[in-house]
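*Asks:* Chains as they are written, first to last, in our numbering: chain W, 25 to 266; chain V, 2 to 289; chain H, 16 to 397.
Simulated from the structure, these hints should not be mistaken for laboratory data.
C-beta atoms are modelled at their ideal positions from N, C-alpha and C, and glycine is treated no differently.
Any given hint could turn out to be false.
[What the hints assert, rightly or not] The calculated lysine-lysine pairs, modelled on DSSO-like cross-linking and capped at a C-alpha distance of 27 Å, are:
(1) H:282 / H:187
(2) V:163 / W:59
(3) V:163 / W:247
(4) V:163 / W:61
[Claimed, not checked] Now the stretches of chain V that chain H is said to cover, found in silico as 3 or more residues with beta-carbon under 8 Å:
(5) 13 to 23
(6) 199 to 211
[As the list claims (entries may be wrong)] Far from chain V, some chain W residues (derived; all Cβ distances over 10 Å):
(7) 48
(8) 118
(9) 120
(10) 153
(11) 264
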Amino acid sequence: MPTLEPDHDILVFDKVEATYGEAPILRGVSFGVHKGKITTLIGPNGAGKSTVLRAALGTVRVTHGQIVYRHQPITGVSTTDRQRKGMAYCPQGRSNFPRMTVRENLEMGAFLRSDREVQEDIETLLDEFPLLREKQKEFAANLSGGQQQILEMAMALILHPRILLIDEPSLGLSPIMVEQVFAYVKEINGQGVTVLMVEQNARRALAISDYGIVLDLGRVRLKDTGEALLNNEEVSRSYLGS
Amino acid sequence: MVILAQLINGLATGGLYALVAAGIAMIFGVSELVNWAHGEFLMIASYLFFALYVLARLPYPIAGLCTMLLMLAFGALFQMIVIRPVVHRPWQTQLVATLGASIFLINSAIVVFGTFPRRAATPLSMQNLTIGSLSISYQRLLLIGLTLFAFFVLHMFIHRAKLGKAMRAVSQNRDACVAVGIDIQLIVLTAFAIGGSLVGLAAALYAPLGNITPLMGIPLTFKAFAVVIMGGFGSVNGAVASAVILGVVEAFTIQFLSSAYVDAMSFLMMLTVLVWRPFGLFGRQVGI
Amino acid sequence: MFRRVMWLALATILPAVASIGYLHNSQAAGPIKIGLDVPSSGSDAFEGTHIARGVQLALEEQNKEGGIGGRQLETALGDNQCDPSVGVNSARYLVNVAQADVMIGSACSSVTLAVMPIIQQAQVPELDVTATSPKITQQSGVGGNIWKFRLNLNDEMMDAVFAQKVLAKDVKSLSILAVNTDYGRDAAGIFQRNLPGIKVLSTDYYTQGQPDFRALLTKVKALNPEGLLLISDYPDAAQIINQGHEVGLTGVKLFGRGSVATNDLLKLLPDPSWAQGAKEVNFWVPGPTARSLANRYQARFNEPLNRDAGMGYFGAETLIAAMKDIKGDITRKSIRDALERVNVTISGLGHVQFDDHHQAHYPMYILQIWNGMVRILETIPT
Ligand SMILES: Nc1ncnc2c1ncn2[C@@H]1O[C@H](COP(=O)(O)OP(=O)(O)O)[C@@H](O)[C@H]1O
Ligand SMILES: [Mg+2]
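Isolated chain W (complex conformation) (with noise of 0.2 Å):
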């Protein structure tokens, strides 16, 4: 089995509390974001994985332990500036813009860029996703769910991320388009990017997965190889449904 070591790791939770308001959500939770890597957190619902993504962004109140992002404490750096650092963040359920075209949604995507080569990288994103280029003057509320879980992505891939948190890709898409947003985030990873996912589409979700961590309650129950997981009885029966 082996070992997530921190060398690796661009994301790192080390016993995470987190809360909304007075009940703690997570209750220290540890785990690494090994680099270049898709991990994938699974769970049922309510277990925190949400959280898990928005306490690395910092949109939700950590009240103890410590997140290190590329080895540096971020404990009071704002959601902005984790953001400038590299991390992207695609949240779960519709994240667009519905009466806003695909470009501008792209543009937004950039917003904390202020650099001038944006148009040239829309225009490298829509050659990535040639569905996008083909609405690209539509309303993004025009577009299908799987469309727009694209359009999300690549709203997603602009700042140049170095770590990806997407949360539930699959939520709500036909199988056919499941496939299709599953190829995307490989493909994505392909390119560099760390991917941290949250997914309730365990099985699919960890045959593409170098890692799995499985969250309930607010703890990890077990983190492994994302085959491991998969082969795993307990996790079958508990988590995957099966």
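Fit chains V and H with the ligands to the supplied structure of chain W, relying on the hints for placement.
*Replies:* Then chains V and H with the ligands, alone, in the frame of chain W:
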């Protein structure tokens, strides 16, 4: 001829409503908060213009421009001092905050300037363009012209500028804004600043044509609110279009029905829209 | 249950006990107390302050001559803020705590109407000097509140006489613009009923403080009336005249009811000639016959005499005249009876006598804007 005259009257009145309503709509669009003090922004702006133009004797264009710039700052300050502390509070708290601010502003104006109306007539407001039985001051023509221009600029800003697009973004999906790094508070501040400068413009154009009094903002807040509802809450284009429609409808109501129905008319229109088109006359697609 | 009964008992006994104390007080032959039931704060503070000054001057002058029957005259102030709910409490204060023998006020019609039941119950006479609602007259005197008196002319008297004796002489056709309040609607109605032989081409209502009158004025201009009657206060009237000039509504004869023919209006016009000839009725203004009073007032308060101060002075003079006529003790009741008998000529105002409804009659003033000033055109008997 009377019809043409009333059409122009309606456009001028509608323009004033629109300059106030646009700010309310924009602020609601990005913050889901109704700024009940927006009419008082116009009142403060009018006194500012009075101070700059009449008391400090600055040339008209400079006094007008300074009013706009000062109101831009005023809007931003207002957001930081009054709005920021209540953004995460329930709407009742926000209502009390903006209503309280409006009462505070009215009383401040009474303390500083008293209740006797002030006037700031310009050479343009004293001279009329007369064509047949139609007579209108050059100041009002300027008001109509510059209001159109201001809305053209605003439209371009919202659809072309990065900050303007970000305002639309905030009005459409706040979670997604967090994801792409748009600072929502900054955008709300921008909306207040733009709303402030629009009423600054309104004040510079309209103050020469009317009384400046501490209570002048109150009827305008209510007209503007009606118009914002008709336009689909949070839609700037919708509010502007509804303002112009309301202005013209009011003028024709006075001419052909009775002046007694004017105020009833705005509320009747508002209710009709609420019942038949809950998302406003122009529906949802006209976002900020 | 027991507690509630206790409270109820207390609530009924306390005022009774208190009133025994008051009864005792009012028997004492100290100074005569005149309660000032006027606004001395809020948006109408000016009115109340000036009434109070006028009253004070009259009392000081009378006190120098030895007061009345050896008793000095003094005032007690109850600030009603021109707000009925505040006014009810301040009137109770004047009646029960300050122990006023008679009151002057309430200055604002809405407060007067709210306070009338209180003075009736407490049996304290009160004289109004500026409130103009016709309802006060209707509810006072025979068949009504016998404790309420009014010195100043009411709206109905002024409107009817102004319509018949001024408007009807000056114009053949008229448009009316009135503020959309009870006051404006009532006044417009009175004018319409009192203008036989005049064509009323339009009657329109506007919202107080509305920014834009152009649509209304465009309509009026198209009707081409000979006269335009503004039932307005000066801020709205100024907007109407200025914007009327803008829409080219010129050469129309202006009439006002409210505060149109005033210096305040003139201050708001870029060019005073836009209001040249405008006529308005008022129940009093300082004129040549009040010159001596104006001089004394100026010397005492270092400000010019105005309508409200003058009316305060005349109100106090009326009370003094009534009290001088009292044979026995000066009490709330004897003052009331004496007011009903008052029959006196007050210099600067005219002959004052209260009718069955406790309304005084004296000549009213027709004012006119002339060459940038307000002049008294004539006085007309009412
Ligand atoms: N914005 C929020 N405010 C308060 N509680 C929240 C919020 N978001 C999530 N929660 C709570 O936190 C717990 C974990 O939520 P989440 O991280 O979204 O779970 P998961 O993504 O694993 O389904 C849940 O009990 C949920 O009710
Ligand atoms: Mg989740």
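*Asks:* With reference to the structure, classify each hint as holding or not holding.
*Replies:* Hint check:
1. Taking the CA atoms of residue 282 (chain H) and residue 187 (chain H), the gap is about 30 Å. The hint is violated against a cut of 27 Å.
2. Of the supplied pair hints, the one linking residue 163 (chain V) and residue 59 (chain W) is violated, its CA atoms being roughly 33 Å apart against a limit of 27 Å.
3. Annotation: proposed proximity of residue 163 (chain V) to residue 247 (chain W) is violated, straight-line Cα distance about 43 Å (limit 27 Å).
4. Restraint check: the Cα-Cα separation between residue 163 (chain V) and residue 61 (chain W) comes to about 34 Å, which exceeds 27 Å; the hinted pair is violated.
5. Here's how the stretch 13 to 23 of chain V fares: 3 of its residues keep a CB closer than 8 Å to some CB of chain H, so the rule of at least three is met and the hint holds.
6. Given a C-beta distance limit of less than 8 Å, the hint that chain H covers the stretch 199 to 211 of chain V holds, as 3 residues qualify and 3 suffice.
7. The Cβ of residue 48 (chain W) lies farther than 10 Å from every Cβ of chain V, with a closest approach of about 21 Å, so its non-interface assignment holds.
8. Look at residue 118 (chain W): its CB is around 7 Å from the nearest CB on chain V, not clear of 10 Å, so calling it non-interface is violated.
9. Consistency note on residue 120 (chain W): stated as away from chain V, yet its beta-carbon is not over 10 Å from all of that chain's, at 6 Å minimum.
10. For residue 153 (chain W), the shortest C-beta to C-beta distance to chain V comes to about 17 Å, beyond the 10 Å cut-off, and the non-interface label holds.
11. Chain V leaves residue 264 (chain W) outside its interface by the beta-carbon criterion, the shortest separation being 28 Å against a cut-off of 10 Å.
This entry does not satisfy hints 1, 2, 3, 4, 8, 9, going by the numbered hints stated previously.
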